[in-house]
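Asks: So the sequence lines, in the order shown, correspond to chains A and B.
When you line the first sequence up against this note's numbering, it's residues 1 to 663, in that order.
When you line the second sequence up against this note's numbering, it's residues 1 to 127, in that order.
Hints are supplied without guarantee of correctness; some may be wrong.
For the chain A half of the interface with chain B, some residues (derived, Cβ under 10 angstroms), not all of them [stated by the list, open to error]:
#1 LEU51
#2 SER392
#3 GLU397
#4 MET461
With a Cα cut of at most 35 angstroms, we get these calculated DSBU-like pairs of lysine-lysine [unchecked claim]:
#5 A:LYS184 x A:LYS473
#6 A:LYS295 x A:LYS502
#7 A:LYS563 x B:LYS59
#8 A:LYS527 x A:LYS563
#9 A:LYS298 x A:LYS234
#10 A:LYS473 x A:LYS382
#11 A:LYS464 x B:LYS59
#12 A:LYS30 x A:LYS178
#13 A:LYS473 x B:LYS59
#14 B:LYS59 x A:LYS459
#15 A:LYS502 x A:LYS234
#16 A:LYS252 x A:LYS171
Keep in mind that the hints were calculated from the coordinates and are not lab data.
Owing to the predicted nature of the structure, the values given are computational and were not obtained by experimental measurement.
The beta carbon of each residue, even a glycine, is placed where N, CA and C say it ideally should be.
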Amino acid sequence: MQRIGVFVCWCGTNIAATVDVQAVSDALAKEPGVVLSANYQYMCSQTGQDLIETAIREHALTGVVICSCSPRMHEQTFRKTVARAGLNPYLLEIANIREQCSWIHKDRAQATEKAIILGRAAIAKVQLNTPLQAGQSPVTKRALVIGGGIAGIQTALDIAEAGFAVDIVEKQPTIGGKMTQLDKTFPTLDCAACILTPKMVDCAQNEKIRIFSYSEVEAVSGFVGSFRVTIRKKARYVREDVCTGCGLCTEKCPQKKVPNAFNLGLDTRRAIYIPFAQAVPKVAVIDADYCSMLKNGKCGVCAKVCAAGAIDYTQKDELVECEYGAIVAATGYNPIDLSGYDEFAYSRSPDVVSSLEFERLMNAAGPTGGTLLRPSDKTHPKTIVFVQCVGSRCSAEGKGKTYCSKICCMYTAKHAMLCREKYPDTDVYVFYIDVRTPGKNFDEFYRRAVEEYGVHYIKGMVGKVSPEGGKLKVQASDLLDGRQLHIDADMVVLAAAIEPDKSARPLATMLTASMDTNDFFTEAHPKLRPVESPTAGVFLSGCCQGPKDIPETVAQASAAASKVIGLLSKDSIVCNPCVAQPDELMCNGCSSCEKVCPYGAITYLDKEFRGPNRTTLLRRVAQVNPAVCQGCGACTVACPSGAMDLKGFSNRQIMAEVDAICR
Amino acid sequence: MNRDLTQTVARIAGVNPRACMRCGKCTGACPAYDEMEYHPHQFVSMVETGRIDELLRSKGIYTCLSCFACIERCPRQVEPARLIEAVRVLAERKQGADHLRPQDIPARLDPDMPQQAITSALRKYRR
Ligand SMILES: Cc1cc2nc3c(=O)[nH]c(=O)nc-3n(C[C@H](O)[C@H](O)[C@H](O)COP(=O)(O)OP(=O)(O)OC[C@H]3O[C@@H](n4cnc5c(N)ncnc54)[C@H](O)[C@@H]3O)c2cc1C
Ligand code: SF4
Ligand code: SF4
Ligand code: SF4
Ligand code: SF4
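Working from the sequences, and respecting the hints, build out all of it.
Replies: Have a look at this one:
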């Protein structure tokens with residue numbers, strides 16, 4: 001005879017305000033097999049858990065039902081509680097009376113009724129639960145970091161520091177990400193390259209770190225502890241192990257008119273190039289779209305000048321397969337495309353630039369050698385207008401992003417300050433909706449721009465920019481003074497919203513990691529698990545999870561690394577015992593289950609069975625690899641003979657729940 | 001504060017004035033700024049706070065060109081010109097007969113005049 005205990009949680013007022021918890025525990029006390037039914041304010045608290053433990057011991061319970069929040073929240077907590085009292089942790093069921101009940105209903109009577117029904121279903125199920133033993137699966141002691149910006153670099157360095165091997169896959173020819181394109185960095189104004197390039201070099205020199213530059217992830221299979229990843233190393237047409245990075249080829253290549261992506265197209269480079277002097281790895285790449293040798297077999301200059309003999313026009317993409325215990329997504333962000341912003345004349349005048357372009361125009365390694373010059377006529381701009389929130393905080397369909405890009409207020413203050421410092425004769429206007437500076441020394445930084453550097457901060461927005469006679473006529477509102485302003489500007493700088501890298505969405509699909517509607521990776525819990533993805537073994541680092549500045553990115557990167565280190569320091573991990581199990585006597589080897597299994601957990605075996613009259617029959621039957629099966633249950637519904645069952649969620653258990661609900 | 005009128009105007013306009021984040025892009029874009037005593041972002045907050053009577057008395061609602069620059073630029077789908085139009089509709093409902101009669105239109109046509117202006121004029125020159 002079953003002895004079931006029912007525990008109804010109030011969740012403070014979260015549940016108790018909408019569900020009559022006393023009525024629920026009273027009603028469930030009458031269900032068959034229930035010997036105890038209690039309710040308490042916070043079941044997950046120490047006192048609540050003690051209550052459950054004591055009840056299991058005192059009443060010799062054979063099954064436990066907890067009516068509380070979603071099992072996603074506290075199933076693990078309560079499994080441990082139950083185990084502490086000596087009961088198999090899989091003899092626990094949770095009825096979700098918060099997310100599925102109190103939070104979505106207003107009417108107390110209805111919510112209470114539904115809570116009772118959900119509790120009844122859980123009781124019906126727990127009657128059929130069997131003790132399960134979790135298996136173990138080994139952990140491959142190597143991590144993969146996808147994206148080599150400051151986020152990926154920091155994560156990799158920290159993991160390597162702890163003694164584990166780590167690979168960085170970076171799609172560009174060099175690691176470093178957006179930070180390589182920045183000039184100085186707020187709030188201290190130290191030069192970005194000076195603080196970044198030493199870290200890039202550390203990565204290259206650390207023997208625990210392998211860098212797959214100019215590479216992308218092609219496929220991912222497996223699961224936490226043993227992921228199998230296929231990496232595509234794109235053809236550079238230059239042998240990485242031979243090229244010395246001397247750069248001679250990049251001076252002799254006759255194809256001179258290639259837009260230089262590193263400088264955001266503000267100048268040109270050759271068809272063979274090294275992105276910038278401090279690139280890691282410092283290896284040349286041929287841009288196949290522009291190289292005349294690759295396009296029509298005519299040229300070969302670089303091969304002739306290369307003393308090391310590194311050029312190889314026949315190089316092909318190469319696929320590499322590796323195993324990893326953990327994967328970190330660090331794919332970063334990009335500024336949005338501004339070509340749709342006609343009101344700011346971005347496409348009509350070269351002197352209307354994005355903030356990232358402005359970084360290049362201020363940078364000593366940029367297209368103007370660090371002197372701020374207008375792209376149109378290479379003259380010093382005297383009046384500069386900065387516009388914040390371009391495309392951010394915008395709910396209008398197709399016009400921008402609803403979120404705040406978080407970094408623009410600070411970098412705009414930085415830009416305005418740097419302009420005034422370097423060129424005290426410039427007039428600098430910043431149009432803002434709000435100035436948001438919550439960060440250590442951030443508001444002080446902004447106030448310095450206003451008070452010490454005399455930047456004109458204007459609460460209002462630019463409505464129109466018209467290029468006219470070499471000037472940019474800016475029409476804007478000044479809401480505090482109640483004026484419409486007309487400024488003849490020489491340059492307009494747009495603080496473009498940032499968005500996740502376009503490759504993040506397909507990558508998330510490969511990783512089975514979830515994303516929000518803006519294509520930022522979703523964290524396992526917005527407050528308590530901010531650097532883990534809900535997919536076990538996948539972690540998040542940097543702007544791919546949401547807009548961040550460098551200090552925050554680095555903090556999150558190190559946090560992700562510590563989670564990875566925690567995982568890799570285990571020799572094996574406990575598997576989910578709720579895996580599929582075929583009934584070999586019913587299975588007819590039809591292969592239906594193998595086709596639907598997203599994890600490739602099913603294989604077939606020819607097995608001998610006893611036939612009639614002492615004969616033996618050879619039959620093909622399904623086998624599930626319990627280490628690979630994730631318990632999704634796809635096979636159980638696909639099996640036409642009903643041979644496949646999921647442990648802990650057997651067809652019988654599910655039907656018992658349905659019956660209890662319909663009773 | 002007149003909540004009923006706020007709701008009526010918001011309903012006619014089909015937009016939510018509460019979505020306004022006071023960015024001022026509408027007012028930055030408005031070509032008729034100097035002609036209006038209240039400017040597009042003020043229209044929005046006046047509707048939101050129920051100061052509709054003041055708006056009804058303002059000449060500004062008739063000097064708006066209905067160029068829709070503010071509708072085009074508003075990042076929050078508040079679209080001030082729709083609210084201005086709604087206040088004009090309210091004024092019409094209060095007042096009655098047309099001042100610009102449809103039969104007078106052909107004589108006033110000007111090839112440079114946008115069609116939108118004629119439609120608006122039917123309502124504007126009522127006082
Ligand atoms: C104009 C401007 C000025 C700024 N100024 C400052 C400042 O002064 N101070 C400050 O703190 N912050 C500043 N920031 C913010 C700073 O740039 C970011 O915080 C930082 O770069 C985030 O790093 P990340 O590694 O997350 O992303 P990223 O720098 O974007 O790096 C991501 C990397 O991943 C790679 N990648 C993307 N997808 C894939 C894929 N599928 N496979 C392989 N690789 C991939 C990319 O090529 C890139 O190298 C500024 C930003 C802008 C736009
Ligand atoms: S072969 Fe291609 S990359 Fe080399 S020099 Fe000629 S055009 Fe440039
Ligand atoms: S439950 Fe079935 S389909 Fe799902 S992972 Fe396991 S074996 Fe594959
Ligand atoms: S529609 Fe009216 S308020 Fe809006 S921008 Fe045009 S003139 Fe100004
Ligand atoms: S543009 Fe839209 S959001 Fe901005 S002030 Fe005008 S109405 Fe409000």
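Asks: Next, verify each hint and record whether it holds.
Replies: Here is what the structure says about each hint:
{"no.": "1", "hint": "LEU51", "result": "violated (46 angstroms)"}
{"no.": "2", "hint": "SER392", "result": "holds (9 angstroms)"}
{"no.": "3", "hint": "GLU397", "result": "holds (8 angstroms)"}
{"no.": "4", "hint": "MET461", "result": "holds (4 angstroms)"}
{"no.": "5", "hint": "A:LYS184 x A:LYS473", "result": "holds (29 angstroms)"}
{"no.": "6", "hint": "A:LYS295 x A:LYS502", "result": "holds (27 angstroms)"}
{"no.": "7", "hint": "A:LYS563 x B:LYS59", "result": "violated (65 angstroms)"}
{"no.": "8", "hint": "A:LYS527 x A:LYS563", "result": "holds (15 angstroms)"}
{"no.": "9", "hint": "A:LYS298 x A:LYS234", "result": "holds (22 angstroms)"}
{"no.": "10", "hint": "A:LYS473 x A:LYS382", "result": "holds (14 angstroms)"}
{"no.": "11", "hint": "A:LYS464 x B:LYS59", "result": "holds (25 angstroms)"}
{"no.": "12", "hint": "A:LYS30 x A:LYS178", "result": "violated (64 angstroms)"}
{"no.": "13", "hint": "A:LYS473 x B:LYS59", "result": "holds (29 angstroms)"}
{"no.": "14", "hint": "B:LYS59 x A:LYS459", "result": "holds (26 angstroms)"}
{"no.": "15", "hint": "A:LYS502 x A:LYS234", "result": "holds (18 angstroms)"}
{"no.": "16", "hint": "A:LYS252 x A:LYS171", "result": "holds (26 angstroms)"}
Going down the numbered hints, you'll see the structure goes against 1, 7 and 12, while the others check out.
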